[in-house]
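**Student:** What follows is each chain in one-letter form.
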Amino acid sequence: MNERQRRLLEAYRDGELSWLARRRVQRWLRRDPRAQRELESLETIGTLLRDVDAEAPAPDLWPAIRLRLAEAELRAEAPVRAPFWRGAAGYLTLGAVAASAAGLALLLAGEEPRSAAGPTGAVRWIDSRGHPMLVLRDDPGATIIWVTEQSF
Amino acid sequence: MRWGSRLAVALCGALLAAAGARAEESVGSESVPIEVTILEVSDQPGEADPRCERFDKLLRGQIPYESLAVLDSHRRNVPVNDVWTLELPTQRSLQVRPLEVTNQGTLLSLDVEESVQGDFRVRRGQPLVVGGPRYGGGRLVVVVDTE
Numbered sequence: 752m753n754e755r756q757r758r759l760l761e762a763y764r765d766g767e768l769s770w771l772a773r774r775r776v777q778r779w780l781r782r783d784p785r786a787q788r789e790l791e792s793l794e795t796i797g798t799l800l801r802d803v804d805a806e807a808p809a810p811d812l813w814p815a816i817r818l819r820l821a822e823a824e825l826r827a828e829a830p831v832r833a834p835f836w837r838g839a840a841g842y843l844t845l846g847a848v849a850a851s852a853a854g855l856a857l858l859l860a861g862e863e864p865r866s867a868a869g870p871t872g873a874v875r876w877i878d879s880r881g882h883p884m885l886v887l888r889d890d891p892g893a894t895i896i897w898v899t900e901q902s903f
Numbered sequence: 005m006r007w008g009s010r011l012a013v014a015l016c017g018a019l020l021a022a023a024g025a026r027a028e029e030s031v032g033s034e035s036v037p038i039e040v041t042i043l044e045v046s047d048q049p050g051e052a053d054p055r056c057e058r059f060d061k062l063l064r065g066q067i068p069y070e071s072l073a074v075l076d077s078h079r080r081n082v083p084v085n086d087v088w089t090l091e092l093p094t095q096r097s098l099q100v101r102p103l104e105v106t107n108q109g110t111l112l113s114l115d116v117e118e119s120v121q122g123d124f125r126v127r128r129g130q131p132l133v134v135g136g137p138r139y140g141g142g143r144l145v146v147v148v149d150t151e
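Chains as they are written, first to last, in my numbering: chain A, 752 to 903; chain B, 5 to 151.
Worth flagging that the hints you see were computed from the coordinates, not collected in a lab. On a predicted model such as this, the values are computed, not experimentally measured, just so you know. We treat Cβ as the ideally placed atom computed from N, Cα and C, and that holds for glycine. Any given hint might turn out to be false.
As the list claims (entries may be wrong) - Just a few of them, taken from the derived set where beta-carbon distance is under 8 Å, the chain A residues facing chain B: (1) Ala873; (2) Arg875; (3) Trp876; (4) Asp878; (5) Met884; (6) Leu887; (7) Pro891; (8) Gly892; (9) Ile895; (10) Thr899.
Said to hold, decoys possible - From the structure, some residues in chain A lie toward chain B, with a derived Cβ separation under 8 Å: (11) Glu767; (12) Val874; (13) Ile877; (14) Ser879; (15) Arg880; (16) Thr894; (17) Ile896; (18) Trp897; (19) Val898.
As the list claims (entries may be wrong) - So these bits of chain B aren't anywhere near chain A, every CB distance computed over 12 Å: (20) Pro37; (21) Asn81; (22) Val82; (23) Asp86; (24) Asp115.
Between the sequences and the hints, there should be enough to build the whole structure, so can you do that?
**Tutor:** This is the structure:
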């Protein structure tokens with residue numbers, strides 16, 4: 752199955768096809784058992800990802816965490832000038848925050864295919880090539896992806 | 005006469021199918037107006053740039069910064085399935101490829117060299133923002149938008 756066919760099945764699963772295109776895919780599915788299996792796999796992955804989304808932190812907590820993580824990263828490589836960064840405790844704190852950020856980033860995105868955060872989400876799939884990454888926002892207003900290391 | 009009718013029906017069917025296929029192809033071969041804006045966010049105070057107002061609304065509250073500056077802006081009509089390659093200020097390349105245009109937006113493939121790649125459904129007024137790497141005194145942010 753090529754990439755175009757896979758995308759077509761994804762669009763069919765997401766209800767994004769026109770009536771005519773949908774009929775064509777249905778005919779194709781009736782004829783091709785491989786396509787049926789692929790569609791079933793896509794639906795299984797979608798269900799698993801929805802379950803993962805359901806276990807995400809409470810929505811009133813996550814924006815605050817997200818902002819703190821981005822802030823820690825933004826300042827992590829800034830010139831040493833503020834008192835907070837001077838002490839060893841500061842570095843330990845920063846290290847802990849960065850480690851948490853990296854862990855959360857891998858949990859959130861990493862190299863796994865990511866389902867859009869609902870029908871309005873823009874992310875179809877994403878791969879950060881091993882760089883820690885956060886999807887800060889994925890809604891009708893914008894999609895914001897933050898790579899937390901020097902990577903481009 | 006009976007065979008003639010069947011032939012006529014078959015021809016009509018073939019013509020309708022061909023017209024449908026052409027209609028799909030025409031959707032697939034259209035151009036997508038894409039705008040790529042390169043920004044720098046910094047934790048140092050800076051002058052207010054009126055061009056940044058829209059981006060400031062997007063980013064404020066999402067990432068911490070003191071100032072925002074537009075470094076570069078590009079705009080092009082990119083045919084579906086064509087690749088538009090731009091060079092970023094970091095000397096890395098950015099590739100944008102519109103894959104599909106539907107009434108739900110444009111499916112874009114984005115590839116930042118040695119960094120993020122993926123497919124994104126970008127709608128008008130719902131830009132895709134990718135940022136984070138250090139650049140100059142701040143961080144580089146790339147905004148991809150369709151019109």
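**Student:** Report holds or violated for the interface hint on Ile877(A), using the least CB-CB distance to chain B and a cut-off of 8 Å.
**Tutor:** Holds, about 4 Å.
**Student:** Does Glu767(A) pass the interface hint, meaning its C-beta sits closer than 8 Å to a C-beta of chain B?
**Tutor:** Nearest chain B Cβ about 6 Å off; hint holds.
**Student:** Looking at Asp86(B) again, its CB stays over 12 Å from all of chain A?
**Tutor:** Given a closest Cβ separation of 16 Å, the condition holds.
**Student:** Is the interface hint for Val874(A) satisfied, with its Cβ closer than 8 Å to some Cβ of chain B?
**Tutor:** Nearest chain B Cβ about 6 Å off; hint holds.
**Student:** Using Cβ atoms only, decide whether Gly892(A) comes closer than 8 Å to chain B, and label the hint accordingly.
**Tutor:** holds, 7 Å
**Student:** Closest CB-CB distance from Asp115(B) to chain A, is it above 12 Å?
**Tutor:** Asp115(B) not clear of chain A: closest Cβ-Cβ about 10 Å, inside 12 Å.
**Student:** Hold the hint about Arg875(A) up to the distance rule: shortest CB distance to chain B must be less than 8 Å.
**Tutor:** holds, 4 Å
**Student:** Verify the interface restraint on Trp876(A): the C-beta must sit less than 8 Å from at least one C-beta of chain B.
**Tutor:** This interface hint holds because 5 Å falls under the 8 Å limit.
**Student:** Is the Cβ of Pro37(B) farther than 12 Å from every Cβ of chain A?
**Tutor:** holds, 17 Å
**Student:** Holds or violated: Ala873(A) as interface residue toward chain B, Cβ cutoff 8 Å?
**Tutor:** Status holds, d = 5 Å.
**Student:** Does Thr894(A) hold up as a contact with chain B if the rule is Cβ-Cβ below 8 Å?
**Tutor:** holds, 5 Å
**Student:** Would the stated hint for Ile895(A) survive a check requiring a Cβ distance to chain B of less than 8 Å?
**Tutor:** OK, holds: Ile895(A) within 8 Å of chain B, min 4 Å.
Checked against the numbered hints given earlier, this structure breaks only hint 24.
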